[in-house]
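J.: Can you make the complete structure from the sequences, with help from the hints?
Last residue of the sequence shown: 262 in UniProt numbering, with the numbers rising by one and none dropped.
Hints are supplied without guarantee of correctness; some may be wrong.
Cross-link-like lysine-lysine pairs, in silico, DSS-like; alpha carbons within 30 Å at most [what the hints assert, rightly or not]: (1) K80 / K36; (2) K7 / K36; (3) K16 / K98.
Taking CB as the label site, the calculated pair distances span [stated by the list, open to error]: (4) A125 / G145: 32 to 38 Å; (5) L162 / I33: 57 to 63 Å; (6) G145 / S190: 53 to 59 Å; (7) G92 / E135: 41 to 47 Å.
What the hints contain is simulated information worked out from the structure, not anything from laboratory work. Ideal Cβ placement from N, Cα and C applies to all residues, glycine included.
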Amino acid sequence: MGSVLQKKKRRSGRAKVKTNRPKKLLNPLGNDIIAKNWYADINTHTPVAPLNRPNLYAQIPLPREKCTSCTNHPPSSRNKKETLTQNYRRLGLTARLKSATGGTEKTLAQLEQAKATSAQRDPFAISTTEEAVFEEARVERDADGKIIKIHYASANKRPNPLNDPLNALEEDSDDEEENEEEWGGIDDESRPEVIRLLEKEAALPEIKKPRHISQQEREWLERLIAKHGDDYDAMVRDRKLNPMQQTKGDIARRVKRFTGKA
Numbered sequence: 001m002g003s004v005l006q007k008k009k010r011r012s013g014r015a016k017v018k019t020n021r022p023k024k025l026l027n028p029l030g031n032d033i034i035a036k037n038w039y040a041d042i043n044t045h046t047p048v049a050p051l052n053r054p055n056l057y058a059q060i061p062l063p064r065e066k067c068t069s070c071t072n073h074p075p076s077s078r079n080k081k082e083t084l085t086q087n088y089r090r091l092g093l094t095a096r097l098k099s100a101t102g103g104t105e106k107t108l109a110q111l112e113q114a115k116a117t118s119a120q121r122d123p124f125a126i127s128t129t130e131e132a133v134f135e136e137a138r139v140e141r142d143a144d145g146k147i148i149k150i151h152y153a154s155a156n157k158r159p160n161p162l163n164d165p166l167n168a169l170e171e172d173s174d175d176e177e178e179n180e181e182e183w184g185g186i187d188d189e190s191r192p193e194v195i196r197l198l199e200k201e202a203a204l205p206e207i208k209k210p211r212h213i214s215q216q217e218r219e220w221l222e223r224l225i226a227k228h229g230d231d232y233d234a235m236v237r238d239r240k241l242n243p244m245q246q247t248k249g250d251i252a253r254r255v256k257r258f259t260g261k262a
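T.: Given below as structure tokens:
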């Protein structure tokens, strides 16, 4: 009887294995473009203006207002039966960058495409030569009719002293790289409007904001300049005015930014 109690005691002290859940909650309304298109009509998938709601992660639940108009109420327009991944897929986006590890349902179009690709090919089928590359060449033969040498029509051929059969493939790849144009992105009109707006927002140049100098840092730099002037080495060695041991380069950058010489 004692051994059973001891086993139960040891079991109760073991740490339970829990899945590592993300600590930060995903807020789909963090982006303005996604927030405008998040609430959409189920039938027409047209964007609906969201209501002014409190914080999604507020600790105190507030009483909901009674719906007076079903057409302008986002919860009735939003399909609650769809998951977060399905709502993102409706906008042409994805909720996570990693591949799915399971639990995804395939659509009818995906099943038909999988059946078409998994169809067994006929092993006796003769492949067509529609995509074959034709090239003219001059052939030298001996007295018995055997081919001795082949002279290709193109003059800019890479030398092949070892008679490497893959030399021609390397030349073709080099020619394709030279003739390639710079890729300007995918311009497909069938893409959702949300993706177009997000790409347009991402292409905007980032405006560099000036660094704000706090009042405490301003007073600290004024004391350093009043005591040492432009001697940054003395500023670094000053234990009273430089208790955090800022480096010479850091102090010089702060002083130049403060005086407007940066």
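J.: Are the hints correct? Go through all of them and say.
T.: Quick rundown of the hints versus the structure:
no.: 1; hint: K80 / K36; result: holds, 17 Å
no.: 2; hint: K7 / K36; result: violated, 58 Å
no.: 3; hint: K16 / K98; result: holds, 27 Å
no.: 4; hint: A125 / G145: 32 to 38 Å; result: holds, 33 Å
no.: 5; hint: L162 / I33: 57 to 63 Å; result: holds, 58 Å
no.: 6; hint: G145 / S190: 53 to 59 Å; result: holds, 58 Å
no.: 7; hint: G92 / E135: 41 to 47 Å; result: holds, 44 Å
Checked against the numbered hints given earlier, the structure breaks only hint 2 and satisfies all the rest.
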